[in-house]
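Student: Sequences listed follow chains F and S, in order. For the first sequence, the residue numbers in my numbering are 1 to 334. For the second sequence, the residue numbers in my numbering are 1 to 200.
It is worth saying that the hints were derived from the structure and are not from the lab. There's no promise every hint is true.
Quick list of simulated restraints, FRET-style, between CB atoms [to be verified]:
#, chain 1, residue 1, chain 2, residue 2, range
1, F, 97, S, 27, 25 to 31 Å
2, S, 44, F, 245, 46 to 52 Å
3, S, 27, F, 96, 26 to 32 Å
4, F, 333, S, 78, 56 to 62 Å
5, S, 38, F, 331, 39 to 45 Å
The beta-carbon is built from N, C-alpha and C at its ideal position, and this holds for glycine as well.
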Amino acid sequence: MQRLVLRRCRWIASAILLLAFAALSHGQERSGSTAAADAADGRSAEQWLQIVQQAARRLDYSGTMVYQQGSEVHMSKIVHVFDGRVSHERLQPMDGQPREFIRRADEVRCLIPEARRVVIERRTRAESFPGLAATTTTELLQQYSVKIVGRERDGGFDCQVLEIQPRQGDRYGYRLWVDRASGLLLRSQTLNERGDVLEQMAFADVRIGGVDREQLKPSWPTDGWKVYEAAHRPVDLKEQGWRLSPPSGFKPLYTVRRPMATGHALQAVYSDGLASLSVFIEPASASAATEALPQRGPINAYARRVGDSVVTVVGEIPVETARAVAQAAERVGR
Amino acid sequence: MNPDRMNPGKSAVPSESSADDCAERLSCLLDGELDAEACRALVDRLGHDEGACRQWRLLNCVGDAMRSADVASWHSERFVSRVSAALEGEPTVLAPAPLPRRVAVRRWLLPGAGAAAAAAVLIAVGLPSRQVSSPEATVAQAPAAPATTVAKAEVPVQIDRSPQLERYLAAHRELAEPTLMPHSTPYVRTSGAMLMQEGR
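Build the full structure now, drawing on both the sequences and the hints.
Tutor: What follows is the structure, encoded as structure tokens:
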């Protein structure tokens with residue numbers, strides 16, 4: 001059974017790859033007629049981007065999310081419901097250890113059945129949530145150019161294909177397949193400067209609307225499970241004696257002091273609306289060993305020692321960008 | 001076993017040691033339980049005893065698998081020897097710095113080592129690759145395309161599968177917010193494999 005599933009995964013992976021190649025060549029072919037497609041539709045690429053942002057938050061949908069990176073494929077069932085105020089989500093990875101992630105607004109409960117444990121991860125931000133993303137479309141367009149590259153059928157849906165190119169080479173580009181009827185993003189590819197697909201996420205078996213709320217409930221009764229809560233304390237980076245210089249357009253989302261396995265660390269999270277990066281600052285002794293990260297498609301990390309601290313940059317950014325951010329980290333006025 | 005390589009009575013590794021005994025000692029070496037002399041002797045032995053080497057790789061692989069199934073990799077003997085041979089024949093553009101003190105207790109591999117390496121980011125430590133002399137560790141990205149040839153390797157890079165940076169990834173995932181996809185999307189990347197390692 002397991003092997004069967006595996007073989008199926010592999011089959012899907014190759015199918016996706018094939019599709020990706022097809023889309024690539026197709027996209028290039030079409031790019032000449034962008035303006036025409038644009039005009040014919042009446043919606044600009046920028047408008048599509050706004051529609052996508054809204055749809056991901058406001059629609060009710062369920063389906064299977066297929067994540068592919070290199071030869072690796074993960075599938076997760078996802079259910080999303082917007083109750084008019086906040087969004088609710090349940091994510092069930094279909095491979096690896098049984099897990100479930102149940103989100104309500106900015107709180108994610110991670111269920112670990114074999115340990116009878118619930119880990120609560122809470123995002124605490126001053127601004128209200130949900131609402132628009134921290135970065136507006138206008139701000140996003142200062143860092144990226146967006147264009148319509150075609151119209152394709154994907155997963156049974158009539159899709160608008162968008163291409164998002166970084167204006168500078170310090171971040172990745174994206175290709176998006178958007179359901180023209182609902183605005184839901186059905187497929188997303190992360191591309192490097194050569195146009196190679198670094199990672200891909202695609203929705204399969206999508207159902208839009210009519211999602212039963214029961215589907216948001218955990219698969220296991222969690223009464224009596226141990227509950228752990230990640231404790232993050234918001235801090236001021238300057239007061240902590242640090243100055244960080246992320247690339248242009250990356251706005252701070254959170255700056256927190258948080259427990260890590262080796263002690264406490266400062267974590268500053270930045271996002272430009274599409275990509276995000278974290279900077280971790282810890283006492284050097286806490287992580288004296290060399291460090292590495294399993295490669296996850298577009299995710300890179302870079303560690304650098306600054307005085308008696310170690311600065312580690314992790315994010316969906318090219319390694320050169322991670323290095324630049326680490327190198328620009330400096331101690332200030334203390 | 002290769003009797004002419006044995007040197008009874010001298011080293012801390014008994015010459016008549018069975019394969020089991022060797023495995024035992026290698027395991028002790030991994031756990032840092034051998035004294036300096038025994039350690040040196042065993043490392044010497046690893047230098048010429050192919051069987052011990054294989055055992056060593058197997059033990060490392062088991063250790064990796066125990067830490068996380070995501071990072072464990074096992075390469076065929078032929079593959080490893082081909083890579084070694086290609087590496088031997090490769091002119092080194094940048095002279096590697098002297099090896100750090102902990103000789104041989106390292107796992108060496110090449111970037112682009114195929115699907116198995118895709119699960120691991122390669123870390124170049126102490127070897128000047130792009131930057132010259134800085135006390136920094138680059139966690140470089142393995143080439144996405146498995147078609148990358150071995151010959152492209154500039155310098156040997158080390159794969160260190162410390163779970164330390166996996167924790168950074170988990171911590172990043174927790175607070176990173178995708179704007180176009182559902183918010184739980186970052187969890188898709190990891191399948192929650194790292195939750196247990198956080199030990200929270």
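Student: Now tell me if each hint is right for this structure.
Tutor: Taking the hints in turn, this is what the structure says about them:
1. Between residue 97 of chain F and residue 27 of chain S the CB atoms are about 26 Å apart, so this pair conforms to the stated range of 25 to 31 Å.
2. Separation of residue 44 of chain S from residue 245 of chain F is about 49 Å and conforms to the stated range, judged on CB atoms against 46 to 52 Å.
3. Distance hint check: the CB atoms of residue 27 of chain S and residue 96 of chain F are about 28 Å apart, consistent with the given range 26 to 32 Å.
4. Separated by about 59 Å at the C-beta atoms, residue 333 of chain F and residue 78 of chain S satisfy the suggested range of 56 to 62 Å.
5. Evaluation of the 39 to 45 Å hint for residue 38 of chain S and residue 331 of chain F yields a pass: the beta carbon distance comes to about 44 Å.
Hint compliance for this structure: every hint is met.
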